[in-house]
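Student: The sequence shown: position 99 = 118 (the working numbering), numbered continuously.
Please keep in mind that the hints were generated in silico from the structure rather than gathered at the bench. Each hint should be verified, as a subset may be incorrect.
Claimed, not checked - Calculated lysine to aspartate or glutamate pairs in the EDC-like style (CA-CA distance at most 20 angstroms, straight line):
1) 155 to 106
2) 128 to 83
3) 128 to 178
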Amino acid sequence: MLLLIYTGCRPAKLVDAAKGKIAIGRDQTYEDDNWDDESLCYEDIRLWIVRNPIFGERDLLGIEITLAHHKGADRKPKLTIFLFHEEALPILCPVSHILAIAIRDNAIKVDGFIHAEPFFTSNLQDPTKAVLVHWKLEKLKIPIFRQAVWTFDGLSTSEYKAFVTRPLPITLTILTGLPDLHRN
Numbered sequence: 020m021l022l023l024i025y026t027g028c029r030p031a032k033l034v035d036a037a038k039g040k041i042a043i044g045r046d047q048t049y050e051d052d053n054w055d056d057e058s059l060c061y062e063d064i065r066l067w068i069v070r071n072p073i074f075g076e077r078d079l080l081g082i083e084i085t086l087a088h089h090k091g092a093d094r095k096p097k098l099t100i101f102l103f104h105e106e107a108l109p110i111l112c113p114v115s116h117i118l119a120i121a122i123r124d125n126a127i128k129v130d131g132f133i134h135a136e137p138f139f140t141s142n143l144q145d146p147t148k149a150v151l152v153h154w155k156l157e158k159l160k161i162p163i164f165r166q167a168v169w170t171f172d173g174l175s176t177s178e179y180k181a182f183v184t185r186p187l188p189i190t191l192t193i194l195t196g197l198p199d200l201h202r203n
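Could you put together the complete structure from these sequences and hints?
Tutor: Next up, the structure:
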């Protein structure tokens with residue numbers, strides 16, 4: 020929800036819109052019959068540790084989110100990059116939310132970065148101004164926001180299935196606690 024507010028994009032840009040088409044790859048080529056508005060994946064996000072310009076203070080975290088395809092008649096890729104930095108309130112910080120999801124998914128390639136502490140205690144020295152945190156190759160195509168699925172152990176997050184948006188009336192019906200008549 021935070022990313023929708025900060026970027027002003029439609030929900031289908033971040034999660035699966037269930038178009039039913041097959042993507043031809045993420046190599047920036049476009050064919051009208053094959054393109055699918057895929058959900059936001061790890062390959063669309065770059066996590067940075069940036070040296071603080073104020074000497075003696077801890078380094079800062081930032082992310083770049085790249086959205087390539089936008090709604091409209093001209094459906095060719097147009098890269099839009101959104102930059103985010105840490106916010107004072109963690110609940111309003113998209114960087115901390117993405118970092119928490121990446122740690123949970125074990126998506127960070129750097130050894131020893133399996134919890135949040137190393138990100139907040141790093142100390143970059145001159146001449147290094149920033150360091151890109153790399154994702155594991157097997158995680159690049161994995162959606163960030165995934166569906167909850169029932170397993171033998173109870174409810175858990177799906178490994179590969181992207182979260183699917185629902186039309187607003189169905190969502191409001193579920194949130195108000197009314198019976199979901201649209202599923203029948």
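Student: Against this structure, judge whether each hint is valid.
Tutor: Hints and how they fare:
no. : hint       : result
1   : 155 to 106 : violated, 26 angstroms
2   : 128 to 83  : holds, 17 angstroms
3   : 128 to 178 : holds, 18 angstroms
When the structure is compared with the earlier hints, a violation turns up for hint 1 alone.
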